[in-house]
Amino acid sequence: DVKVTQSSRYLVKRTGEKVFLECVQDMDHENMFWYRQDPGLGLRLIYFSYDVKMKEKGDIPEGYSVSREKKERFSLILESASTNQTSMYLCASSFDAFTSGGFTDTQYFGPGTRLTVL
Amino acid sequence: KQEVTQIPAALSVPEGENLVLNCSFTDSAIYNLQWFRQDPGKGLTSLLLIQSSQREQTSGRLNASLDKSSGRSTLYIAASQPGDSATYLCAVVPEYGNKLVFGAGTILRVKS
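Protein sequence lines, in the order shown, are assigned to chains A and B.
For reference, each letter of the first sequence is one residue, going 78 to 195 in the numbering used here.
For reference, each letter of the second sequence is one residue, going 67 to 178 in the numbering used here.
None of these hints come from the bench; they were simulated from the model.
Given the structure is predicted, the values throughout are model-derived calculations rather than measurements.
Treat the hints with caution; some may be incorrect.
Derived pair list, reagent style DSS-like, types lysine-lysine, alpha-carbon separation capped at 25 Å [said to hold, decoys possible]: (1) 165(B) with 80(A); (2) 147(A) with 132(A); (3) 95(A) with 132(A); (4) 134(B) with 67(B); (5) 108(B) with 80(A); (6) 132(A) with 134(B); (7) 148(A) with 95(A); (8) 108(B) with 148(A); (9) 90(A) with 108(B); (10) 132(A) with 80(A); (11) 132(A) with 165(B); (12) 134(A) with 67(B); (13) 148(A) with 134(A); (14) 134(A) with 134(B); (15) 147(A) with 80(A); (16) 177(B) with 108(B); (17) 165(B) with 147(A); (18) 147(A) with 130(A); (19) 130(A) with 80(A); (20) 147(A) with 95(A); (21) 134(B) with 165(B); (22) 95(A) with 134(A); (23) 67(B) with 177(B); (24) 165(B) with 108(B); (25) 148(A) with 80(A); (26) 165(B) with 130(A); (27) 95(A) with 130(A); (28) 147(A) with 134(A); (29) 177(B) with 148(A); (30) 130(A) with 148(A); (31) 132(A) with 148(A).
Covered stretches of chain A, going by a simulated chain B footprint (3 or more residues, C-beta under 8 Å) [said to hold, decoys possible]: (32) 139-147; (33) 181-187.
Note that beta-carbon positions come from the ideal geometry of N, C-alpha and C, so glycine has one too.
Same shape as in the complex, but just chain B (with noise of 0.2 Å):
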């Protein structure tokens, strides 16, 4: 059974540094990756995903990096504004594309 699992739960920083989010999953047969932005009591907003035979994917201030064999991924948000302050969730898509599996997420606040 695939499992996600999000390292930290949560982190504070203050504005200006860059930043790593951590995702690790169990089963490295995966289709994709997908790392969503969560803002407080509001749905999930999709901001890179990686196809499993893609190494990273790059989004202004983000780039994810995915690393299949060893079951990892991670977030990079360079710059860090309190605008970013959000969760953020991971999610692996099986290698039979029939689900899509959530972590918990990591909470990050960025102070001005």
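The shape of chain A in the complex, shown without the other chains (with noise of 0.2 Å):
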């Protein structure tokens, strides 16, 4: 089975802090993804990753970053954080090498971590 880990469940920080949320799989996939969820908006993307060191932004790239150094490792990257970016952040991973990004081969979904900023 594949198996997509994220770092915490849930996690507070104060406003600018940076925070770093983690996210880790194990079936050698080649691109990596990471939303935010948030009620009545849905998930949104914020950004992807399709290769080792590459990155692509999503629909909502502002006031993050992202770093993928190893093929099984994507993080995510809150500058300053800010209460507005209080979520549901979720981590998927998917194999598909044959399409940019990913996104036509089924994603696998991590547990999420549910951030609060103060």
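Take the two lone chains, each set in its own frame, and fit them into one complex as the hints suggest.
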């Protein structure tokens, strides 16, 4: 079974702090994704990566950055956390090495990190 | 711009009923359509993926159909159980395969 793990289930941070959310997948997938999920807005793509050290902006990249130094690990960084970044953050991965971005293959999601910024 | 709508937003049924969840999308130029399940406070689990050339996919008590030309998909759950209670999300991949567009989901409660 594909396993996608996220470093924390719940996280509370203060405004202005630098926050790191870590995601690891164990299936040698090419592609990894970060989404945030908010009531009434659904899932929105923040960033994705289709290869090591490669990254692409999603629909809402402002205030975030990412890092993919190793194939299995994709980190989401909030440079200076703000209250409007309070959300559920979901990481996903997919194999799909044949199309750009890896959206056409099944995405496997981690359990999510509920981040609260005070 | 592709938009995905799911109706109803919430559904409550007694155990044992067969039920249908609906998903519609505005642009029929899609690569595939996917159904996910999300339990409260948790991540998404992929249920079924239907390629644009397919009409349906089945997995156990679940059957998903796709009518690309009319921009509709349905998820049929047979003999519902309390363990089926969750939010069900529909998502489409546009024809160029460059993103995944999610609906807002249907919250399903199966009462025992």
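Here is what the structure says about each hint:
{"no.": "1", "hint": "165(B) with 80(A)", "result": "holds (22 Å)"}
{"no.": "2", "hint": "147(A) with 132(A)", "result": "holds (13 Å)"}
{"no.": "3", "hint": "95(A) with 132(A)", "result": "holds (20 Å)"}
{"no.": "4", "hint": "134(B) with 67(B)", "result": "holds (16 Å)"}
{"no.": "5", "hint": "108(B) with 80(A)", "result": "holds (14 Å)"}
{"no.": "6", "hint": "132(A) with 134(B)", "result": "violated (31 Å)"}
{"no.": "7", "hint": "148(A) with 95(A)", "result": "holds (23 Å)"}
{"no.": "8", "hint": "108(B) with 148(A)", "result": "holds (24 Å)"}
{"no.": "9", "hint": "90(A) with 108(B)", "result": "holds (20 Å)"}
{"no.": "10", "hint": "132(A) with 80(A)", "result": "holds (22 Å)"}
{"no.": "11", "hint": "132(A) with 165(B)", "result": "holds (14 Å)"}
{"no.": "12", "hint": "134(A) with 67(B)", "result": "holds (18 Å)"}
{"no.": "13", "hint": "148(A) with 134(A)", "result": "holds (18 Å)"}
{"no.": "14", "hint": "134(A) with 134(B)", "result": "violated (29 Å)"}
{"no.": "15", "hint": "147(A) with 80(A)", "result": "holds (16 Å)"}
{"no.": "16", "hint": "177(B) with 108(B)", "result": "holds (21 Å)"}
{"no.": "17", "hint": "165(B) with 147(A)", "result": "holds (23 Å)"}
{"no.": "18", "hint": "147(A) with 130(A)", "result": "holds (8 Å)"}
{"no.": "19", "hint": "130(A) with 80(A)", "result": "holds (21 Å)"}
{"no.": "20", "hint": "147(A) with 95(A)", "result": "holds (21 Å)"}
{"no.": "21", "hint": "134(B) with 165(B)", "result": "holds (18 Å)"}
{"no.": "22", "hint": "95(A) with 134(A)", "result": "holds (20 Å)"}
{"no.": "23", "hint": "67(B) with 177(B)", "result": "violated (38 Å)"}
{"no.": "24", "hint": "165(B) with 108(B)", "result": "holds (22 Å)"}
{"no.": "25", "hint": "148(A) with 80(A)", "result": "holds (14 Å)"}
{"no.": "26", "hint": "165(B) with 130(A)", "result": "holds (20 Å)"}
{"no.": "27", "hint": "95(A) with 130(A)", "result": "holds (21 Å)"}
{"no.": "28", "hint": "147(A) with 134(A)", "result": "holds (19 Å)"}
{"no.": "29", "hint": "177(B) with 148(A)", "result": "violated (43 Å)"}
{"no.": "30", "hint": "130(A) with 148(A)", "result": "holds (9 Å)"}
{"no.": "31", "hint": "132(A) with 148(A)", "result": "holds (12 Å)"}
{"no.": "32", "hint": "139-147", "result": "violated (count 0)"}
{"no.": "33", "hint": "181-187", "result": "holds (count 6)"}
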